[in-house]
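In our numbering, the protein residues as written are 1 to 506.
Just so you know, these hints were derived from the structure itself, not from any lab. The beta-carbon is built from N, C-alpha and C at its ideal position, and this holds for glycine as well. Warning: the hint list may mix true and false statements.
With a Cα cut of at most 27 Å, we get these calculated DSS-like pairs of lysine-lysine [what the hints assert, rightly or not]:
{"hint": "1", "residue 1": "K389", "residue 2": "K490"}
{"hint": "2", "residue 1": "K453", "residue 2": "K490"}
{"hint": "3", "residue 1": "K32", "residue 2": "K506"}
{"hint": "4", "residue 1": "K406", "residue 2": "K476"}
{"hint": "5", "residue 1": "K506", "residue 2": "K476"}
{"hint": "6", "residue 1": "K65", "residue 2": "K168"}
{"hint": "7", "residue 1": "K32", "residue 2": "K410"}
{"hint": "8", "residue 1": "K168", "residue 2": "K279"}
{"hint": "9", "residue 1": "K279", "residue 2": "K389"}
{"hint": "10", "residue 1": "K486", "residue 2": "K65"}
{"hint": "11", "residue 1": "K490", "residue 2": "K65"}
{"hint": "12", "residue 1": "K220", "residue 2": "K389"}
{"hint": "13", "residue 1": "K344", "residue 2": "K163"}
{"hint": "14", "residue 1": "K364", "residue 2": "K193"}
{"hint": "15", "residue 1": "K410", "residue 2": "K469"}
The calculated label-pair distances, taken between Cβ atoms and stated as ranges, are [stated by the list, open to error]:
{"hint": "16", "residue 1": "S198", "residue 2": "A287", "range": "15 to 25 Å"}
{"hint": "17", "residue 1": "V303", "residue 2": "I185", "range": "18 to 28 Å"}
{"hint": "18", "residue 1": "K31", "residue 2": "K406", "range": "18 to 28 Å"}
{"hint": "19", "residue 1": "M277", "residue 2": "I379", "range": "48 to 58 Å"}
{"hint": "20", "residue 1": "V73", "residue 2": "G254", "range": "49 to 59 Å"}
{"hint": "21", "residue 1": "D244", "residue 2": "V264", "range": "15 to 25 Å"}
{"hint": "22", "residue 1": "Y419", "residue 2": "F375", "range": "16 to 26 Å"}
{"hint": "23", "residue 1": "K490", "residue 2": "Q409", "range": "41 to 51 Å"}
{"hint": "24", "residue 1": "N283", "residue 2": "K31", "range": "38 to 48 Å"}
{"hint": "25", "residue 1": "S164", "residue 2": "Y374", "range": "42 to 52 Å"}
{"hint": "26", "residue 1": "L241", "residue 2": "E395", "range": "33 to 43 Å"}
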Amino acid sequence: MKYFYSILFIFSSVLSFAQTESQDSSRVYKKKVLEAVEVDFLMSFYSQNGQHSAVGGGVGSEKLKDNTPTLVVNIPLGNDDVLTVDAGISAYSSASSSNVNPFYTLPVKTQSGSTIIVQTGASQTGAANLETSAAVDDVDDDPVSTGPKPIGSPWYASSGASKSDALKSLNVSYAHSSDDRNEIISVNMAVSKEYDYSSLGFGAGYTRLFNQQNTELSIKGSAYLDQWLVIYPTELNEYRLYGDDFLNSGYFNGVEVYDQDMNVTSDAYNPSAFSSMSKTNRNSYTASLSFSQVLSKNLQMSVFMDLILQSGLLSTPYQRVYFKDRPNYYIGQSSDIEYYETTKNNGVYHLADDVERLPDTRFKIPIGLRLNYYFNEIITFRTYYRYYKDDWELEAQTASIEMPIKLSQKFTFYPSYRYYTQTKADYFAPYNTHFSSEQYYTSDYDLSTFNSKSIGFGVSYTDIFTSFKIFRLALKKIDLRYQNYKRSDKLKSNIFSFGFSFVVDK
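With the hints as extra help, turn the sequences into a complete structure.
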């Protein structure tokens, strides 16, 4: 609610300022920066799959689906000012994040021979939702039992509360142009919220144009003040609550734990390396500098550099880590232990030794270059290169090219290609290879060594005279795009997106 009042205050201030400017400038005619209200409706559908779940400590399904509807409204305020409101929702479902709590209860037989679902603590926040029936079918081969049989697998989604979520975001920005249109001052404020994460951001920028607007220099600064609602993997959260006796209390009371040799243990599993996070904030500060120059009637160049400092809780509290020098312990169907790192594992989950631990500061420097070449009336080349380095010793390079091809006055085709490569961060190691003596550790493959390729295309339709109308909305442009992404660690994704741009008739 406090965010709402802050944004309302900005709206009121901007409108008051714009009205004053409009009254002062009404005596002399000048072309508006934006002639009419513009409305963009955007939508994207994203899906991915992989085999290195960060929640599973580097093993497990990375299936994810995300739908992102967005509305962007650009509003002219007088001759010199534009207010932009960008609101969106990112609704996703994730097999990986669902396994913050991977455990559900297997049907078991009573002494009389009937089959029941035992509602124990280990099933209350993660009900069965496997994409295979193999785990349930195997119950007929188990010995007759009266005890609970909680199972789970990093290769299948649990139906716990963390399986899906929606990120709600709102960004409001205001830009003021000078009378000669050679200076632009901008400010913005952004808020976003999902179940375990919230963000408040604000920023400002200044742009100066020289040489009959053939040269442009921009500087921007922003800050994001974020907060975690800290959630731990189920087994570690129980250890936090009950201490060394947690296997006989609460969630896992009476549940069988197995060692690597499939033997039942009583209280051998003890994740003593785990402790609660001392921080819940994550702050990010960015200073950006860019320079753009028209080199000829066919060639334009721009360079940019960002300085980014992050501080606070930079690790993700529910991403598991497993130590090579600690014994392995499991819950579920012991017969699946030998298949743990493959999709044959239908029903056993490795209990974590700790969660991801990373330094509480990170300094990033990306430097980039763009070259756009107008070949002729039909073809344009847009190229991009970026070099990135941070103090976690991760280095990355990105190169891309897009070639808009004008098929007609109204239609343009956009083929594109992007290549990316990076080295691993100092603190990364694969599943079950970290050592407990290390200070920092992660098995998140986003911080590993990999390269990726992305191929895409798009089609754009421009209604030159905005002749097509829906009520007062006159169609300006339609964009349809598709992109296929493949990473060397077997992660694959597809994204479909489309957008409709309208001008509001007066």
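What hint numbers does the structure not satisfy?
Of the numbered hints, all hold.
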